[in-house]
Amino acid sequence: MEGVMSHASDLNLKATELRLGLPGTDERDDVESVARNNKRALPESANDSGSKGGKSIDHENAPAPKAQIVGWPPVRSYRKNNLEAKKTETETGMYVKVSMDGAPYLRKIDLSIYNGYAELLKALESMFKLTIGDYSEREGYKGSEYAPAYEDKDGDLMLVGDVPWDMFMSSCKRLRIMKGSDASGLGCGV
Amino acid sequence: MAYSFPEEVLEHVFSFLTSDKDRNAVCLVCKSWYEIERWCRRRIFVGNCYAVSPEIVIRRFPEVRAVEIKGKPHFADFNLVPEGWGAYVYPWVAAMSAAYPLLEEIKLKRMVVTDESLELISKSFKNFKVLVLSSCEGFTTDGLASIAANCRNLRELDLRESEVEDLSGHWLSHFPDNYTSLVSLNISCLGSEVSFSALERLVARSPNLRTLRLNRAVPLEKLPNLLRRAPQLVELGTGAYSAEIRSDTYSNLAEAFSACKQLKGLSGFWDVVPSYLPAMLHVCSGITSLNLSYATIQSPDLVQLVTQCRNLQRLWVLDYIEDSGLEALAASCKDLQELRVFPSDPFGAVPNVSLTEQGLVSVSEGCPKLQSVLYFCRQMSNAALVAIARNRPKLIRFRLCILEPRVPDYLTLEPLDTGFGAIVENCKELRRLSLSGLLTDRVFKYIGTHAKKLEMLSIAFAGDSDLGLHHVLSGCESLRKLEIRDCPFGDKALLANAAKLETMRSLWMSSCSVSYGACKLLGQKLPRLNVEVIDERGPPDSRPESCPVERLYVYRTVSGRRVDMPGFVWTMDEDASLRFS
Chain C
1 MEGVMSHASD LNLKATELRL GLPGTDERDD VESVARNNKR ALPESANDSG
51 SKGGKSIDHE NAPAPKAQIV GWPPVRSYRK NNLEAKKTET ETGMYVKVSM
101 DGAPYLRKID LSIYNGYAEL LKALESMFKL TIGDYSEREG YKGSEYAPAY
151 EDKDGDLMLV GDVPWDMFMS SCKRLRIMKG SDASGLGCGV
Chain B
1 MAYSFPEEVL EHVFSFLTSD KDRNAVCLVC KSWYEIERWC RRRIFVGNCY
51 AVSPEIVIRR FPEVRAVEIK GKPHFADFNL VPEGWGAYVY PWVAAMSAAY
101 PLLEEIKLKR MVVTDESLEL ISKSFKNFKV LVLSSCEGFT TDGLASIAAN
151 CRNLRELDLR ESEVEDLSGH WLSHFPDNYT SLVSLNISCL GSEVSFSALE
201 RLVARSPNLR TLRLNRAVPL EKLPNLLRRA PQLVELGTGA YSAEIRSDTY
251 SNLAEAFSAC KQLKGLSGFW DVVPSYLPAM LHVCSGITSL NLSYATIQSP
301 DLVQLVTQCR NLQRLWVLDY IEDSGLEALA ASCKDLQELR VFPSDPFGAV
351 PNVSLTEQGL VSVSEGCPKL QSVLYFCRQM SNAALVAIAR NRPKLIRFRL
401 CILEPRVPDY LTLEPLDTGF GAIVENCKEL RRLSLSGLLT DRVFKYIGTH
451 AKKLEMLSIA FAGDSDLGLH HVLSGCESLR KLEIRDCPFG DKALLANAAK
501 LETMRSLWMS SCSVSYGACK LLGQKLPRLN VEVIDERGPP DSRPESCPVE
551 RLYVYRTVSG RRVDMPGFVW TMDEDASLRF S
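Chains as they are written, first to last, in UniProt numbering: chain C, 1 to 190; chain B, 1 to 581.
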C-alpha cells in the first residue's frame, strides 16, 4: 500500500520536478530495456568528465541510452574517467579512425591487436598499399613516401613512434597517414 | 581563582588541548582565559571559507602556525555546483602572508588555488612545511614548481584528487639538490609524466620519506628503482601496475618489495596485470590500508590479494570483488574498520558483476570492528539493512548508494524506510548517513527520532512532502551538514525550522521545491545566515515568487554577504527586495 501511494505521488511530482537531466526521458523506462549490446563504437570525443558524455551509444543494435541525471550516481569524475577508458579498451578493442591524405574514405583499425609499432606500421602499409619506411628518433620517417601521424588526447598532431607503445595506445585518438612532403615538419631534428 | 595562575602556566596547560572543541570551551570561561587562549592557538580549522573572513581570523588568533580551510559544498564533487562559483584561496593567502610569517601548514579542500597563490605561499612563509590540496583546482605544474623551488623546509606535498593543469613534468626538478626534508609526496592525480630521473634523485636524497604516491604515468618497470632507494616507505601508491610479462621485471619488483619492511598502505594499481600481483605478497601481512579502487582486476586474483592482507583495516575496492569476495574478506580480515565498494559500471542498465546486498551483510557479520561503510550496489532489502544494523551497532558512517534512484526493497517492493530506520535506531553513534532507494517521509521520522548524534546527512530522490524535512530539522540535534537533491521539500519545513539553520554549518538543496519568495523571507528573518540562490536561468526576480529556485545554499557566517559572487549567485538579505526593485 505504502509503495503504491508513494509511487502515485512520485508520478505526480515528476511533472514539476526540477531535474537536471536530458529532457523528455524517463530513466525508469530504460530499466526493463533489452540487455545492452556490448559492442559499441568508441565515442569520438571522450574527453569530458561527468555524466554528460561518454555513453552515447551509436551502434545500430544498442538500445537507447539511459537518461543520465547530472551528478548521479555520485561518483567523482576522475573515477568515471578511469573506468570508461578501461571498459572501452577491454570490450570493444581500441578502434581508431585512420585517414590518408587523398583517400576518399577513412578506415578503422583496432590498436589493441598489435604488440608494437612494427606490427602497426606493417598493417597500415598493407591496408593502404604503401610504404612507410623506418623510424629514427632524429629524422622521423624522412625519406619515406608516407609518414604516420596521430592525434593525441590534447588534439595535437604527433609523429608515431616517439613514445613507448603503451603510452601511444592510451593517448592515440586517431591516425593520419601524411604524404612524406607534408610530414617534413614532424620529427625532423628538433 | 583564575587570577592566581600566571599566564605562562595557563598557556602551558592549554597547550595540551588539541581539539578545537576543547579550546573553544576554554575561551568561554572568562575574559582572561579567552585572551590567553587566543594568543596561544596554533591551529585553526575553517569548515566553510565564507563563514568567516581572513581578517576576523587574524585579528582573533595572531600566532597561528597551521590553517585548514574548506571551500565548495560537498555536492560540487558531483558537478552540482557550477564552474566559477567561488572558494578562492588567494584572499586568505594574501592576508596570511602579512600576518603569519611563521605559518607552517596549509590544508585546503575543494578550493580554487591559482599559481599566483602557490607562488605567494612559497615566498611568504620561510618555515613552510605542509601543503595538502584535496580536491582543489585552478593551478598548473608551474605553481608546483614555485613550491618546489622556494620551500626549503617542505615536508609534505599532497595533491590528492586535485585537478592540475599539466604543463610539464619538469616542475619536480625545481627541488634544489640540497633539499632533503621530504616526508610525504602525493602526485597521484597528475596526468602526465614527471621527469623520472628527477624523481629518482629526489627519493634518493630523502631519508625521511614515508609516503610516496606516484601517478599513473610512472611505469612498473621503474618502480623498483624508487623502492630500492626508499625501503623505509610506510605508504606507497604505485603507478600503472602493468608491464610486458618478463621474468627479470618480475624478480626486480618482488625483490624491491621484500626490502620494504615497513609498508602499511598501498594504493595506485591502475591497469593491473594480474601476473605481477604475487610480487607484492611479501608485504601483504603488514598492510593495513589497501586502495584498489582503480584496479580493474577480478576474482580470483583480486580475492587472493585481499585475503592475504590479514591485518587489513581499510579497504577501497571496485565491485569486481563481488559477494563471494566480500565473504572471503569477512572470513580473513577481522580487523576491518572501513569498507568502500565503488561501481565498475555506474551507468550500465544491467548488472555486470555479481555484487548485491549480500556482500555487505557478510562483511557486517564477519568484521566486528566495522565502523565506516560506503557501498554502491543495485539492489537492497529491508531485511539486509536490519541485519546489518543489528550486527554492527557501533557503525559511525553508513553511506549506501543504490545506483538507480527510487528503487524499492527488491524482495517486498516496499520502501526502504524500515531498513534505514533500523540503522539509525541501532547505531546510536552514527555520525554520517547517506540514503538511497525508495523512501517515504517515514524514514525521516525515524531519523529525526533516533539519529541524535548524526552530523551529516545526504538525501537524494526521497520523501513525499515537507514533513520529511521537518522531521530531520526538528529532530537531529547534532546535525551540522545537510545536503538534499531532487526531493519534494519546500517552503514550509524550511521556514518553520529557520532557527535550526543557525546551529548548522550549511544546508544545500537542489532541484527541490523551495520558492524564491521563501528564500527571500529566510534571508530577511535570519541576518546571521547567508541565504544564497544559485540559478543559471537568470535573476530570480525575473520569475514569479512562487517559482522554485534551482539551488539553495544556506550557511551561517560572521562576515556578512560574499563580495566575490559570480553572476548566477544571488544573496537574500534585508536589502534583497530593495535591490531587486
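Among these hints, one or two may not hold up.
[Stated by the list, open to error] Only some residues are given here: those of chain C computed to face chain B with a beta carbon under 8 Å: (1) Gln68; (2) Val70; (3) Pro73; (4) Val75; (5) Arg76; (6) Arg79; (7) Asn81; (8) Lys142; (9) Gly155; (10) Cys172.
Note that these hints are calculated values from the structure, not bench results.
Computed from a prediction, not measured in an experiment: that's the story for all the values here.
All residues carry an ideal CB built from backbone N, CA and C; glycine is no exception.
Verification of the supplied hints:
Satisfaction of the interface hint for Gln68 (chain C) is found here, the shortest Cβ-Cβ separation to chain B being roughly 6 Å, below the 8 Å cut-off. Because the closest C-beta pair between Val70 (chain C) and chain B is about 6 Å apart, less than 8 Å, the hint holds. A cut of 8 Å between beta carbons decides the hint on Pro73 (chain C): the least distance to chain B is about 5 Å, and the hint holds. Nearest Cβ of chain B to the Cβ of Val75 (chain C): about 5 Å, under the 8 Å cut. The hint holds.
Taking 8 Å as the C-beta cut-off, the interface hint given for Arg76 (chain C) holds, the closest approach to chain B being about 5 Å. The interface hint given for Arg79 (chain C) holds, since its Cβ lies 6 Å from the closest Cβ of chain B, which is under the 8 Å cut-off. The interface hint given for Asn81 (chain C) is violated, since its Cβ lies 10 Å from the closest Cβ of chain B, which is over the 8 Å cut-off. With a cut of 8 Å, the hint placing Lys142 (chain C) at the interface with chain B is violated, because the nearest CB-to-CB distance is about 26 Å.
Below 8 Å, beta-carbon pairs count as interface contacts, and Gly155 (chain C) has none with chain B, the closest being about 15 Å; its hint is therefore violated. Among the interface hints, the one on Cys172 (chain C) is violated; its C-beta lies about 15 Å from the nearest C-beta in chain B, farther than the 8 Å criterion.
Of the numbered hints stated above, those contradicted by the structure are hints 7, 8, 9, 10, listed in ascending order.
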